[in-house]
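One line per chain: the protein sequences are Y and L, in this order.
Sequential numbering of the first sequence, starting at 0, is according to numbering that gives the first Met the number 0.
Sequential numbering of the second sequence, starting at 0, is according to numbering that gives the first Met the number 0.
By construction, these hints were calculated from the structure, which means they are not laboratory data.
Owing to the predicted nature of the structure, the values given are computational and were not obtained by experimental measurement.
One or more of the hints may lead you astray.
Said to hold, decoys possible - Heads up, simulated DMTMM-like pairs for lysine to aspartate or glutamate below, C-alpha to C-alpha not over 25 Å straight-line:
1. Y:273 - L:58
2. L:117 - Y:450
3. L:90 - Y:447
4. L:90 - Y:440
5. L:117 - Y:439
6. Y:108 - Y:84
7. Y:453 - L:54
8. L:117 - Y:440
9. L:144 - Y:252
10. Y:261 - L:58
11. Y:343 - Y:391
12. Y:261 - L:17
13. L:90 - Y:446
14. L:90 - Y:430
15. Y:261 - Y:430
16. Y:261 - L:71
17. Y:487 - Y:523
18. Y:347 - Y:523
19. Y:347 - Y:480
20. Y:261 - L:54
21. Y:273 - L:71
22. Y:542 - Y:523
23. Y:108 - Y:219
24. Y:261 - L:139
25. L:18 - Y:137
26. Y:332 - Y:392
27. Y:57 - Y:31
28. Y:261 - L:40
Stated by the list, open to error - To give an idea of the interface, some chain L residues facing chain Y are shown, with a C-beta separation under 8 Å as derived from the structure:
29. 6
30. 10
31. 46
32. 49
33. 66
34. 69
35. 88
36. 91
37. 92
38. 95
39. 153
Where a beta carbon is used, it is the ideal one built from N, C-alpha and C, also for glycine.
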Amino acid sequence: MRFTGCRGFCERGPIVTISPLGIFYQKVQEKDVDLILSETVKKGKILDYLLYEDPNTKLKALSEKEIPFYKAQKRLVLGNNGLIEPTKIEDYIGIGGYQSLAKALFQMKPEQIIEEVKASGLRGRGGAGFPTGKKWEDCRNALGSTKYIICNCDEGDPGAYMDRSLLEGNPHSILEGMIIGAYAIGGNHGYIYVRHEYPLACKNAEIAISQARKAGLLGENILGSGFHFDVEIAKGGGAFVCGESTALIASIEGRLGEPRSKQIHTVNRGLWGKPTNINNVETWANVPLIIEKGSNWYSSIGTEESKGTKIFSLVGRVKNTGLIEVPMGITLKEIIFDIGGGPKDGRKIKAVQTGGPSGGCIPASLFDLPVDFDSLTQVGSMMGSGGMIVMDEGTCMVDVAKYFVHFLEEESCGKCLPCREGLKRMGQILEGIAEGNGDEEMLSLLEELSEVVKDTSLCGLGKTAPNPVLTALRNFRPEFEAHIHQKKCPAGVCTALIQYSISEDCVGCGACANICPTKAIVGEKKEIYRIVSELCIKCGSCKEVCKSNAVILQ
Amino acid sequence: MERKTVHITIDGRWLEVEKGKTILQAGREFGIYIPTMCYMEHLAPYGGCRLCVVEISHDGGRPFIDTACTYEVSDGLVVQTQTPRIIRARKILAELLVASAPNVKIAQDIASRMGILKVRFPMEDNRCVLCGLCIRMCYEQMDGKALGFSGRGTGRKVSMPFQTRPETCRLCRGCEYICPGMVVPSHGVKDPGELCGRCVRIEEIPTCCPMGTFGCFCDQNPL
Numbered sequence: 000m001r002f003t004g005c006r007g008f009c010e011r012g013p014i015v016t017i018s019p020l021g022i023f024y025q026k027v028q029e030k031d032v033d034l035i036l037s038e039t040v041k042k043g044k045i046l047d048y049l050l051y052e053d054p055n056t057k058l059k060a061l062s063e064k065e066i067p068f069y070k071a072q073k074r075l076v077l078g079n080n081g082l083i084e085p086t087k088i089e090d091y092i093g094i095g096g097y098q099s100l101a102k103a104l105f106q107m108k109p110e111q112i113i114e115e116v117k118a119s120g121l122r123g124r125g126g127a128g129f130p131t132g133k134k135w136e137d138c139r140n141a142l143g144s145t146k147y148i149i150c151n152c153d154e155g156d157p158g159a160y161m162d163r164s165l166l167e168g169n170p171h172s173i174l175e176g177m178i179i180g181a182y183a184i185g186g187n188h189g190y191i192y193v194r195h196e197y198p199l200a201c202k203n204a205e206i207a208i209s210q211a212r213k214a215g216l217l218g219e220n221i222l223g224s225g226f227h228f229d230v231e232i233a234k235g236g237g238a239f240v241c242g243e244s245t246a247l248i249a250s251i252e253g254r255l256g257e258p259r260s261k262q263i264h265t266v267n268r269g270l271w272g273k274p275t276n277i278n279n280v281e282t283w284a285n286v287p288l289i290i291e292k293g294s295n296w297y298s299s300i301g302t303e304e305s306k307g308t309k310i311f312s313l314v315g316r317v318k319n320t321g322l323i324e325v326p327m328g329i330t331l332k333e334i335i336f337d338i339g340g341g342p343k344d345g346r347k348i349k350a351v352q353t354g355g356p357s358g359g360c361i362p363a364s365l366f367d368l369p370v371d372f373d374s375l376t377q378v379g380s381m382m383g384s385g386g387m388i389v390m391d392e393g394t395c396m397v398d399v400a401k402y403f404v405h406f407l408e409e410e411s412c413g414k415c416l417p418c419r420e421g422l423k424r425m426g427q428i429l430e431g432i433a434e435g436n437g438d439e440e441m442l443s444l445l446e447e448l449s450e451v452v453k454d455t456s457l458c459g460l461g462k463t464a465p466n467p468v469l470t471a472l473r474n475f476r477p478e479f480e481a482h483i484h485q486k487k488c489p490a491g492v493c494t495a496l497i498q499y500s501i502s503e504d505c506v507g508c509g510a511c512a513n514i515c516p517t518k519a520i521v522g523e524k525k526e527i528y529r530i531v532s533e534l535c536i537k538c539g540s541c542k543e544v545c546k547s548n549a550v551i552l553q
Numbered sequence: 000m001e002r003k004t005v006h007i008t009i010d011g012r013w014l015e016v017e018k019g020k021t022i023l024q025a026g027r028e029f030g031i032y033i034p035t036m037c038y039m040e041h042l043a044p045y046g047g048c049r050l051c052v053v054e055i056s057h058d059g060g061r062p063f064i065d066t067a068c069t070y071e072v073s074d075g076l077v078v079q080t081q082t083p084r085i086i087r088a089r090k091i092l093a094e095l096l097v098a099s100a101p102n103v104k105i106a107q108d109i110a111s112r113m114g115i116l117k118v119r120f121p122m123e124d125n126r127c128v129l130c131g132l133c134i135r136m137c138y139e140q141m142d143g144k145a146l147g148f149s150g151r152g153t154g155r156k157v158s159m160p161f162q163t164r165p166e167t168c169r170l171c172r173g174c175e176y177i178c179p180g181m182v183v184p185s186h187g188v189k190d191p192g193e194l195c196g197r198c199v200r201i202e203e204i205p206t207c208c209p210m211g212t213f214g215c216f217c218d219q220n221p222l
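The following block holds chain Y by itself, in its conformation from the complex:
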């Protein structure tokens, strides 16, 4: 029995699979364990009620392969999560782990490794998509004998958790990638920068490092090759901005986590003033694959400019949420409707927000768009770290823009004026629009301000912060205008612009009056109830609880 890392299908967790039959049980409770052991494991009988049932076709799926959520995926990096116990190095070696390292150390020269990574077309998975091989080459060619290797696991986007799942579920693959990278670049010291809020990731990474040291995979003279490299963990205090490379370096050095001007790149002058190579968790996890199977194989997956697979966290208003790994170039439609299973409660899907707070909202009309670095940038969004939030008609775009701007306003370090003050003002304007106090002038000011914040901010956080607002304005302008001119929120979200009332369908059960937190619903049993609008805080509890659909939202 193995306790594995995350299988990705969060919607249906906890998940149990039984090998070699590949039986896939979902939503397993403690009480089911005895039954699974006595029935399935001993007698080979399948427990029907634990199988996955497709909500669209009502068909039961026996194994992972039959489930639509997994069918369209290509789980190269994430797939091993389900096979190994993260705290056991033997498990990782058992599935062929550290073979790539041996190959790199004994059969390849550092330059060859860099050539291989360059040829594979691997681009940074942290979001910007900088070619990894090019970065390594620059760092290798940078002046100085001491070089640092950093793994960036300071993931903080709302709704994104793939880096965490990788570091928790398969820490050795990241270590292996880092050792190969260090050998290619010529670095002898590495850091894994992981946020303090990921205790399991910290713990598993620590265990992995000490196991690797014991096995001679880290430290002096790795596998007898004469190359030495060691890794330590640097814990971040949970500042979103520390995911930015220069802020991350400042944080490791013990300074305030703030970005600096990047005229001189970190590959030339990074940690402690030395050349430093920073890559995202997912990028590192891709490296062993490329070394093992070759750049030709790797570059056959994906599109012309974006190679390989990408992990997304698919969340929001779709049936199947969770971590998915798909080849680059797959369309948004396939992700949302095939893997995600389509809209949750029969509502129409309106948009998808990719790239977290730095990304943009892509409207349903563009769902045929292939998902790769460049096409997403073209429509004003970005790959980002890989968050994918699906929104339906019940989502108000003004509210979404407001949420992201407020998130970034709080997470901004406050060093530069446009990000600190600009985002605050953008938030105020959006707040005004959501409350029905907006006018046409505010809208144009918002647009102008967004452009300037984008142009002049110091680091990536500020430079991309207006993206959600700009794309929402571009693609969903009528919604903003409805807030301004008609003083209406079409999605029924902005509390200042909506009103609850009870229609004549009311059967007088009194359920709404019981649940109302402010006692704003009055009336007698068996008679039509009434909402006192002065007391109503528009929480929507009454609408949820009403069985006869008598509460109307206007």
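Given chain Y's structure and the hints, the job is docking chain L onto it.
Okay, now just chain L, sitting in the frame of chain Y:
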């Protein structure tokens, strides 16, 4: 022998500049005005106020925006300080600055120099513009290390460690000396959204600048 200068172009002017200088320093040397707030000679460039943004391109490449105070010159650099994109950015930045600290003279000065007469944001009254000059003064020139930033985002402020004066502070008052908020405050705001703007509204105060000297923007300018 290695050449000690590089050739750059600022606003179409071909200039020979000492290596290692920033675009801002080069501009000042040749009398090209680039507005700044958080920059001070002999202190490390900070790049926080972003007012000194300029458009930069290398060898005909795509122009990008960066701050003149942090960008070091190199051969073939082409800099534009007056493009519509830059002017728009400066105006908005000045507006943001003056809206948050209308009674700090430097904010008013910059706003009037940018020709702003009306602010479209709700006014606040901060005395600190978070330029960080005091911190750098203390750290770099006085070796005091007594000041630093605390908080994040809009909650950011200049503070002593744990809000108590550390032993390293020798009360040299370098921070006070350098602080732009310590200059005699502007006349302040009467109506929300109104700016001081005395120097640009010549018709209101014809004798605003009795000496007629360049750079004096308010009658109370102690300089």
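Evaluation of the provided hints:
Taking the CA atoms of residue 273 of chain Y and residue 58 of chain L, the gap is about 28 Å. The hint is violated against a cut of 25 Å. Taking the CA atoms of residue 117 of chain L and residue 450 of chain Y, the gap is about 20 Å. The hint holds against a cut of 25 Å. The hinted pair formed by residue 90 of chain L and residue 447 of chain Y meets the criterion: a straight-line CA distance of about 11 Å does not exceed 25 Å. For a cut-off of 25 Å, the pair hint linking residue 90 of chain L to residue 440 of chain Y stands: about 17 Å separates their Cα positions.
Among the hinted pairs, residue 117 of chain L with residue 439 of chain Y is consistent with the structure: their alpha-carbon atoms are about 18 Å apart, no more than 25 Å. The straight-line distance between the Cα atoms of residue 108 of chain Y and residue 84 of chain Y is roughly 32 Å, outside the 25 Å bound, and the hint therefore fails. Distance restraint check for residue 453 of chain Y and residue 54 of chain L: the Cα-Cα separation of roughly 14 Å lies within the 25 Å cut-off, and the hinted pair is therefore satisfied. With a C-alpha separation of about 14 Å, the suggested pairing of residue 117 of chain L with residue 440 of chain Y holds against the 25 Å cut-off.
For the proposed pair residue 144 of chain L and residue 252 of chain Y, the alpha carbon gap of about 17 Å is at most 25 Å, so the pair holds. Annotation: proposed proximity of residue 261 of chain Y to residue 58 of chain L holds, straight-line Cα distance about 19 Å (limit 25 Å). For the suggested pair residue 343 of chain Y and residue 391 of chain Y, the alpha carbons sit about 9 Å apart, so the restraint of at most 25 Å is met. A threshold of 25 Å between alpha carbons decides the hint, and for residue 261 of chain Y with residue 17 of chain L the separation of about 21 Å falls inside it, so the pair holds.
Restraint check for residue 90 of chain L and residue 446 of chain Y: the C-alpha separation of about 14 Å stays at or below 25 Å, so the hint holds. In summary, the hint linking residue 90 of chain L to residue 430 of chain Y is supported, as the alpha carbons are separated by about 23 Å, within the 25 Å threshold. For the hint linking residue 261 of chain Y to residue 430 of chain Y, the alpha-carbon distance of about 33 Å lies beyond 25 Å, and the restraint is violated. For a cut-off of 25 Å, the pair hint linking residue 261 of chain Y to residue 71 of chain L stands: about 11 Å separates their Cα positions.
Restraint check for residue 487 of chain Y and residue 523 of chain Y: the C-alpha separation of about 32 Å exceeds 25 Å, so the hint is violated. The suggested pairing of residue 347 of chain Y with residue 523 of chain Y is violated, with an alpha-carbon distance near 37 Å, which exceeds 25 Å. Between residue 347 of chain Y and residue 480 of chain Y the alpha-carbon distance is near 21 Å, which keeps this suggested pair within the 25 Å criterion. Our distance criterion of 25 Å between C-alpha atoms is met by residue 261 of chain Y and residue 54 of chain L, whose separation comes to about 15 Å.
As the CA atoms of residue 273 of chain Y and residue 71 of chain L are separated by approximately 19 Å, the hinted pair is consistent with the 25 Å bound. About 18 Å separates the Cα atoms of residue 542 of chain Y and residue 523 of chain Y, which keeps this hinted pair within 25 Å; it holds. At roughly 19 Å between alpha-carbon atoms, residue 108 of chain Y and residue 219 of chain Y fall within 25 Å of each other, so this suggested pair holds. At most 25 Å may separate the alpha-carbon atoms for a hinted pair to count; residue 261 of chain Y and residue 139 of chain L meet this at roughly 22 Å.
Of the supplied pair hints, the one linking residue 18 of chain L and residue 137 of chain Y holds, its CA atoms being roughly 23 Å apart against a limit of 25 Å. Distance restraint check for residue 332 of chain Y and residue 392 of chain Y: the Cα-Cα separation of roughly 17 Å lies within the 25 Å cut-off, and the hinted pair is therefore satisfied. Restraint check for residue 57 of chain Y and residue 31 of chain Y: satisfied, since their Cα atoms lie roughly 22 Å apart, inside the 25 Å limit. Proposed proximity of residue 261 of chain Y and residue 40 of chain L is supported: the alpha carbons are some 21 Å apart, at most 25 Å.
About 18 Å separates the beta-carbon of residue 6 of chain L from the nearest beta-carbon of chain Y, more than 8 Å, and the hint is not met. A distance limit of 8 Å between C-beta atoms decides the matter here; for residue 10 of chain L the minimum to chain Y is near 19 Å, and the interface restraint is violated. The criterion of a C-beta within 8 Å of any C-beta in chain Y is met by residue 46 of chain L, whose closest approach is roughly 5 Å, and the hint holds. Taking 8 Å as the C-beta cut-off, the interface hint given for residue 49 of chain L holds, the closest approach to chain Y being about 5 Å.
Because the beta carbon of residue 66 of chain L sits about 7 Å from the nearest beta carbon in chain Y, less than 8 Å, this interface hint is met. For residue 69 of chain L, the shortest C-beta to C-beta distance to chain Y is roughly 4 Å, which falls under 8 Å, so the interface hint holds. About 5 Å separates the beta-carbon of residue 88 of chain L from the nearest beta-carbon of chain Y, less than 8 Å, and the hint is met. Because the smallest distance between the Cβ of residue 91 of chain L and any Cβ of chain Y comes to about 4 Å, under 8 Å, the interface hint for this residue holds.
A distance limit of 8 Å between C-beta atoms decides the matter here; for residue 92 of chain L the minimum to chain Y is near 6 Å, and the interface restraint holds. Annotation: residue 95 of chain L was flagged as interfacial toward chain Y, and the flag holds, the nearest CB pair being 4 Å apart, inside 8 Å. Because the smallest distance between the Cβ of residue 153 of chain L and any Cβ of chain Y comes to about 5 Å, under 8 Å, the interface hint for this residue holds.
The structure fails to meet hints 1, 6, 15, 17, 18, 29 and 30 from the earlier list, while all remaining hints are met.
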